[in-house]
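Student: With the hints as a guide, bring both chains together as one complex.
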Amino acid sequence: MPSTAHDLRPGDVVSFHIGPSVVRARVIEDRGHIGIGARQIVRLEALDEEDFEPEPRRFEMAAAEVELEQPAAK
Amino acid sequence: MPSNSLARWRGPAQADLDDIVDAHASVAGVGRGRRAATAQVTQAYAVLLSSHFQKFCRGLHSEAIEHVAASLTEPWARPMVRLRLTEGRKLDAGNPNPGNIGSDFNRFGLNLWARMAALDKRTAARKAKLERLNRWRNAIAHQDFADSVALDLGGGRTDLRFADVTGWRTSCDQLAATMDAAVLAHLAALVGRAPW
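In the order they appear, the protein sequences are chains A and B. For this note's numbering, count along the first sequence from 1 and bump the result up by 1. For this note's numbering, count along the second sequence from 1 and bump the result up by 4.
Chain B with its partners taken away, still in its complex shape (with noise of 0.2 Å):
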C-alpha cells in the first residue's frame, strides 16, 4: 500500500497533468500561432509538474511527522516534535529541487538521496532531472532564460519540448515511489512499525 502522498501524485496530481497533455494535443500543428501557443503550453506543464511532485514530497513529510508523532508515548512531546519538524520546511517556500527535498527530509535523520539509490541505481541519473525541471521552474516563473548553462537541456539546446517535460514527468514518477519505499523504510526503522 502506498502513502496517502503516493495515491495523490499517482491519482489527482495524474489527471491534472493528464488535462496539459490534451491542450497541447488540441493546440498543437504547424504556423506561427499554434508553435507559440504549444510553448506556452509546455511551460504550463513544466510548472504544474514541479508544482505537483513539490505538494507529493510535502505530503510525505507530513505524513512522515504524523507516524513519529503518533510513536510518541507522552501525548505533551507530539506537539513540540510536529512543531520542531515542520518548522522552516525548505518545501513550503522552496522548489522541490533534491537540496531542499534532502534538507527536510534530513529531519529524521534520513539520507534520503543515498537510501533512494541504494534502493534504484537510476536514482543519480533522475535526480539529475528533477534538478533541470526546477532550473527550468524558476526560469518560467521569473521569464528569465539567459543562463544557457543552466537551461541546458542536451548539446547546449535550451528550446524546451513537451518531450521534455514528459520525460522529467517519467522521472518524477520513479522518484516518487523510490522515495514512498525509502521513507517507509526509514519509518519503519525508527518507530517499529511500516507505517502505510
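With the rest of the complex left out, here is chain A (with noise of 0.2 Å):
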C-alpha cells in the first residue's frame, strides 16, 4: 500500500490510482489523525483537470493511500 514516512501538509502534490488512471492532486487541508488506527486524513484538490469541470474537484484521502510527488515549498 503506498504510504508517506511524515505527516502531509498542505501544498504538498500527491498521487493515486483510480485504476489503471493516475490522479494528482495538491493538499488543502490536513484534516489531522481522525482515520482507522489515527492515520491521518487530508483533503485535496485535483490537478491537471481543467478540461473536466469549471471549478477543480475537491475531496479527501487517507494520507496512507497516496503518494508524495513534491513536498511543499518551505
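A couple of the hints might just be wrong.
[Said to hold, decoys possible] Reference excerpt, derived from the structure (chain B facing chain A, CB under 8 Å, subset only):
1. Pro6
2. Asn8
3. Ser66
4. Glu67
5. Ile69
6. Arg86
7. Leu87
8. Thr90
9. Glu91
10. His146
[Said to hold, decoys possible] Here are a few chain A residues that face chain B, going by a calculated C-beta distance under 7 Å:
11. Phe17
12. Ile19
13. Arg32
14. Gly36
15. Glu61
No wet-lab data here; the hints were simulated from the structure. Here the structure is a predicted model, which means the values were calculated and not measured. For glycine and all other residues, C-beta sits at the position ideal for the given N, C-alpha and C.
Tutor: In C-alpha cells, the structure reads:
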C-alpha cells in the first residue's frame, strides 16, 4: 500500500491511482489523525483537470493511500 | 467507546467553548460598555459553537468513510469510493444545519435524522435548536439581523442572550452523542462490524 513517511501538509502534491488512471492533487487541508488507527486524513484539490469541470474537484483521501510527489515549498 | 470525532468534541472543543464562558464571566456586569462587550462575546460564542459542531459532523463523516473504505476487499476501489463520498460534501462549505448534515450522511444510505429520532424522541426539538443556532451564525457572520422571523428566540424576542447559546450548546452535545450512535449502528449493519 502506498504510504508517506511523514504527515502531509497543505501545499504538498500527491498522486493516487484509480485503476489505470493516475490522479494528481494538491493537499489543501490537514483533517488530522481521525482515521482508523489515528491515520491522517487530508483534503485534496485535483490538478490537471482543466477539461473536466469549471471548478477543481475537492475530496478527501487517507494520507497512507497516496504518494507524495512534491513537498510544499518551505 | 466513542468515535474520534466525538472524543474531540467532548475534549478540545468543549475546552475552547469554556474559554468563551470564562471571557463572558470576566466582562459581564452592569453599564453600557460591559453590556456591549457581553453582547459581542455572546455572538462569538454562537459562531464558535456552530464551527465546532461543524468540525464534529465533518469528522464523523470522514471517519465513516474510513470504515467503509477499509471494508472493501479490492484496494483499487477505495480511492474511488473516498472521492465520491467526499466530493461536493455540503459540510465542507456550508453550515452544519440539519439539511446539510442529512444530505451528506445520506450518501451512506442513512436517513440520519429519522434514525436519530428513533434512538431519542427529543431529537426533533434539538434539531430545531440547531437550525436556530445556524440562522444566528449566518446573521452574525453577515451582521444582518433584519429577519426577525428567522431569528425569533421565542415570543418574538430577537436579542441573543448568553443563556440562549448555552442551551444550544447542550442540544449540540446531545445531538453529537445521538449522531455518533446512529452512524455506528448504520456502519455496523453496512460493513458487518462496529466501527468504534
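Student: With reference to the structure, classify each hint as holding or not holding.
Tutor: Verification of the hints:
1. Hint status for B:Pro6: violated, given a least beta-carbon distance of 12 Å to chain A, over 8 Å.
2. At its closest, the beta carbon of B:Asn8 sits 5 Å from a beta carbon of chain A; the interface hint therefore holds under the 8 Å criterion.
3. Interface hint status for B:Ser66: upheld, as the beta-carbon distance to the closest one in chain A is roughly 5 Å, under 8 Å.
4. This hint holds: B:Glu67 has a C-beta 6 Å from the nearest C-beta of chain A, less than the 8 Å allowed.
5. For the restraint placing B:Ile69 at the interface with chain A, the shortest Cβ-Cβ distance is roughly 7 Å, inside the 8 Å limit, so the hint holds.
6. At about 6 Å, the closest approach between the beta carbon of B:Arg86 and any beta carbon in chain A falls short of 8 Å, and the interface hint on this residue holds.
7. This hint holds: B:Leu87 has a C-beta 5 Å from the nearest C-beta of chain A, less than the 8 Å allowed.
8. The beta carbon of B:Thr90 comes within 4 Å of a beta carbon in chain A, closer than 8 Å, and the hint placing it at the interface holds.
9. Nearest Cβ of chain A to the Cβ of B:Glu91: about 4 Å, under the 8 Å cut. The hint holds.
10. A least Cβ separation of about 23 Å between B:His146 and chain A goes past the 8 Å threshold, and the interface hint is therefore violated.
11. A least Cβ separation of about 5 Å between A:Phe17 and chain B falls short of the 7 Å threshold, and the interface hint therefore holds.
12. Because the beta carbon of A:Ile19 sits about 5 Å from the nearest beta carbon in chain B, less than 7 Å, this interface hint is met.
13. Because the beta carbon of A:Arg32 sits about 6 Å from the nearest beta carbon in chain B, less than 7 Å, this interface hint is met.
14. The interface hint given for A:Gly36 is met, as the beta carbon of that residue sits about 5 Å from the closest beta carbon of chain B, less than 7 Å.
15. Below 7 Å, beta-carbon pairs count as interface contacts, and A:Glu61 has one with chain B at about 4 Å; its hint therefore holds.
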